[in-house]
Amino acid sequence: GAGVSQTPSNKVTEKGKYVELRCDPISGHTALYWYRQSLGQGPEFLIYFQGTGAADDSGLPNDRFFAVRPEGSVSTLKIQRTERGDSAVYLCASSLEGGIGGYTFGSGTRLTVV
Amino acid sequence: AQRVTQPEKLLSVFKGAPVELKCNYSYSGSPELFWYVQYSRQRLQLLLRHISRESIKGFTADLNKGETSFHLKKPFAQEEDSAMYYCAGAGNMLTFGGGTRLMVKP
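Heads up: the sequence lines are chains R and S, in that order. So that you can map any letter, position 39 of the first sequence is 44 in our numbering, and since no number is skipped, the others follow by simple counting. So that you can map any letter, position 4 of the second sequence is 9 in our numbering, and since no number is skipped, the others follow by simple counting.
No lab work stands behind these hints: they were computed from the structure. No experiment lies behind these values; they were computed from the predicted model shown. It is possible that part of the hints are untrue.
If you want the footprint, here are the derived chain R segments under chain S, 3+ residues with CB under 8 angstroms [stated by the list, open to error]:
#	region
1	53-63
2	66-75
3	99-108
4	111-118
For glycine and all other residues, C-beta sits at the position ideal for the given N, C-alpha and C.
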């Protein structure tokens with residue numbers, strides 16, 4: 006596609022529920038990144054894919070968070086047993102391998118856990 | 006650990022005044038540094054990168070290895086420059102600073 010697409014744009018869920026956030030990167034971008042941005046803070050790295058594999062998942066806060074990219078294109082960030090502290094904007098970005106040319110960000114999914 | 010620090014949460018200037026948004030980094034080796042901007046209701050977008058030594062929308066940023074800084078500057082601020090600005094450093098992934106909100110008053 007022309008840009009990085011994230012769906013849904015907004016998600017409200019109840020504490021304890023499971024959510025999935027989707028990212029559709031730019032066609033041909035082999036690298037895909039997930040970030041989380043809390044109010045008043047900069048984006049915080051979660052996980053990075055190169056192709057289908059997670060090259061670095063050191064930013065995932067705990068085992069309730071998981072992400073997949075089965076065909077090396079669309080990625081899904083999954084959060085189990087959501088907590089109110091998970092409320093944030095979840096950003097996805099994609100780039101050519103190694104970040105060449107810079108990252109292109111999506112508009113984010115605003116997750117609110119009530 | 007790689008770290009990027011933006012000491013100012015908010016910078017308010019009048020139109021036409023010079024602007025300097027501060028960024029300090031802590032990286033091993035030679036970092037690749039960027040400035041990203043987020044205008045109201047828009048997505049985060051790349052403003053400039055140190056490696057290309059470019060000027061975008063009148064903004065420049067020089068890497069100072071002695072001071073480990075990559076401050077963003079513009080000689081004459083415009084109202085449309087009002088936005089959130091994030092400094093970022095590249096390793097395997099981008100590491101962002103906390104951001105500075107620039108408000109340019111008429």
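For each hint, the structure was consulted:
1. 53-63: Held - the region 53-63 of chain R has 3 residues with a Cβ nearer than 8 angstroms to chain S, which meets the minimum of three.
2. 66-75: Violated - the region 66-75 of chain R has 0 residues with a Cβ nearer than 8 angstroms to chain S, which falls short of three.
3. 99-108: holds (count 3)
4. 111-118: holds (count 3)
In summary, the structure is inconsistent with hint 2 from the numbered list given earlier, while agreeing with all the others.
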